[in-house]
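Visitor: Please take these sequences and the hints and turn them into a complete structure.
Mapping of the sequence shown onto the numbering used here: residues 21 to 574, in sequence order.
Please keep in mind that the hints were generated in silico from the structure rather than gathered at the bench.
Quick reminder that beta carbons are idealized off the backbone N, C-alpha and C, glycines included.
Hints may contain errors.
Estimated spans, in silico, between C-beta atoms of each pair [as the list claims (entries may be wrong)]: (1) D443 to G216: 41 to 51 Å; (2) A565 to G135: 34 to 44 Å; (3) T137 to G112: 21 to 31 Å.
Here are the simulated lysine-lysine pairs, BS3-like style, with alpha carbons at most 30 Å apart [stated by the list, open to error]: (4) K157 to K169; (5) K545 to K255; (6) K365 to K249; (7) K279 to K51; (8) K365 to K355; (9) K411 to K355; (10) K411 to K339.
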Amino acid sequence: MVNRIKQQWLAVLLVMTAAIGPAYAQAPSAKPMAVIAINNYNDLSKDIGWMADLVGPPGTSAMIQAQGQQFATMFDTTKPIGIVVQSDGVLGAKMLGFLPTNNADQLIGMLALFGITGQEVDGLIVLQTGGAPIYVKKATGWAFISNDKTALANTPADPVPLLGGLDKEYDVAIKGNVDAVPPVFMQLALSQIQAGIQASTAQALPGEDEQAFEARRAQALQSMEEMQKAINDMKSLVLGLNIDQSTQSVYLDMGFDFKEGSETAATIDYTDLTTDLAGFTNDNAAATMSVAGKIDPAQAAQMTVQFETVRNQALSQLKNDPNIPSEELRSLAVKTVSTLVDVLKGTVSAGEVDMAGSVDLSNGVVMIGAARVAQADSLDGVMRELVATAKEQDPSFPPVQLDALKHAGASFHALSVPVPPFDPQLQAVFGESFDISVGMSTDHIYFGAGKGNLDKLKAAIDASAANKGAEAESFKMVASASKIMTFAAEQAQDPTMQQAAAAAGSANGKDKLSMRIIPIDNGAKFRIAVEAGVLKAIAVGVQAAQAQVDESPF
Numbered sequence: 021m022v023n024r025i026k027q028q029w030l031a032v033l034l035v036m037t038a039a040i041g042p043a044y045a046q047a048p049s050a051k052p053m054a055v056i057a058i059n060n061y062n063d064l065s066k067d068i069g070w071m072a073d074l075v076g077p078p079g080t081s082a083m084i085q086a087q088g089q090q091f092a093t094m095f096d097t098t099k100p101i102g103i104v105v106q107s108d109g110v111l112g113a114k115m116l117g118f119l120p121t122n123n124a125d126q127l128i129g130m131l132a133l134f135g136i137t138g139q140e141v142d143g144l145i146v147l148q149t150g151g152a153p154i155y156v157k158k159a160t161g162w163a164f165i166s167n168d169k170t171a172l173a174n175t176p177a178d179p180v181p182l183l184g185g186l187d188k189e190y191d192v193a194i195k196g197n198v199d200a201v202p203p204v205f206m207q208l209a210l211s212q213i214q215a216g217i218q219a220s221t222a223q224a225l226p227g228e229d230e231q232a233f234e235a236r237r238a239q240a241l242q243s244m245e246e247m248q249k250a251i252n253d254m255k256s257l258v259l260g261l262n263i264d265q266s267t268q269s270v271y272l273d274m275g276f277d278f279k280e281g282s283e284t285a286a287t288i289d290y291t292d293l294t295t296d297l298a299g300f301t302n303d304n305a306a307a308t309m310s311v312a313g314k315i316d317p318a319q320a321a322q323m324t325v326q327f328e329t330v331r332n333q334a335l336s337q338l339k340n341d342p343n344i345p346s347e348e349l350r351s352l353a354v355k356t357v358s359t360l361v362d363v364l365k366g367t368v369s370a371g372e373v374d375m376a377g378s379v380d381l382s383n384g385v386v387m388i389g390a391a392r393v394a395q396a397d398s399l400d401g402v403m404r405e406l407v408a409t410a411k412e413q414d415p416s417f418p419p420v421q422l423d424a425l426k427h428a429g430a431s432f433h434a435l436s437v438p439v440p441p442f443d444p445q446l447q448a449v450f451g452e453s454f455d456i457s458v459g460m461s462t463d464h465i466y467f468g469a470g471k472g473n474l475d476k477l478k479a480a481i482d483a484s485a486a487n488k489g490a491e492a493e494s495f496k497m498v499a500s501a502s503k504i505m506t507f508a509a510e511q512a513q514d515p516t517m518q519q520a521a522a523a524a525g526s527a528n529g530k531d532k533l534s535m536r537i538i539p540i541d542n543g544a545k546f547r548i549a550v551e552a553g554v555l556k557a558i559a560v561g562v563q564a565a566q567a568q569v570d571e572s573p574f
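Guide: The following block contains the structure:
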């Protein structure tokens, strides 16, 4: 699943690269290649005003409203602004922009301040910009703008439907209809990627035997085929920014979807996900992260081949590495790599991903995490051998307490690393030692770090068992700005950090920075959201930085 997400986003980036170049087309298309939408002035000004009051001094929104009032009188403030880009069917693209106004002449008059003049020709106003001319058509309630006067021949009475609802979903957004981009650009972009892959696999790497080289080459070609398939199946991608007063947050969406019924769409399933590790992401933590998903069998087969390639490359290097001091160590290294690869192969073949973790800062730094891993208990034997060998090779190696805890079918091993006494700041964070724990059961691996991490691991395991099969998201990461900044301020004793922490904490719990994947029909969108408390904290930092600049003699 993780590799599938990576390929999908690589495909998105490749498509964007192809789409932003000069849009030469082979045939006209009724479907626009791109749509840009800006929300109506009334809603947008309220959103900006809310954010301005949040991060600025009292009355900032009123000042902004007053400054924008004269500008607003020239528009219908209840309607959005839009731009639609289509292929012209010959050598380029034609743009159709529309402004909700009956005051086109007044707006054009303002352009004279920037050296842009207009002249009426055949019912259109032609703007001389110093480059290609821009054409303006005045209509009832709207002013239409284009780089191609033929695009203004039959303008709609109401162009808002051309935006496809983007203006309702976001304050500012751009949508690229990938299936409307001329194929020549996709082919050009793909050929560049293919050339790079062929160059990187033209010859073996230093120390790479023929078998490893052929496996790496086959893997690269297969990845290229998968990416090409994803691009061909892609329908659209969206980039949207929204200020959402209802959730007291600002978020940025990057979304994509694939053609219904396509092979790629059939492999995407971000819905109906569950987790058996819900106890590892409690709401009181300073930060949490979770990943859950299903692995498509075809994707699992491809990943298995990739893991085998990694195994072959690693074993080839280990067997020929002259720096390994003994055959005993070489044998252990080979066994460790092979066991890890077997575990990874078994995990992806099982067809599910489930992992979660959190950081607690209420009493020092304590981190816990867990992941569903096939044959996890096989790692236990390898770890015991590694610990025994480390003690033999280095008597000063920190003591490892094997079987420090047995709980819910898992064996935990603990290691305590001394914190240097000459570093009081580190000791204030971690104490006199930094405790690390690793645990394995038949199907899970657990990690812990910090004072009391074993107790927290036990509690998380028990809480997860009590809520087995809980509803989950494909990917979710949440961080509390007030908790993180409060902890950092206590350690650094920094007044600005303390003010930022207080600002984040004043938002009544709305202090989160989050990233998540949200499922949509035949696709998904990746959302980064910043809540009010984070914005307040950022404002404190900006004001402090500005004060330093103002005080500087340079």
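Visitor: State the violated hints by number, sorted upward, taking the hints as numbered earlier in the document.
Guide: none
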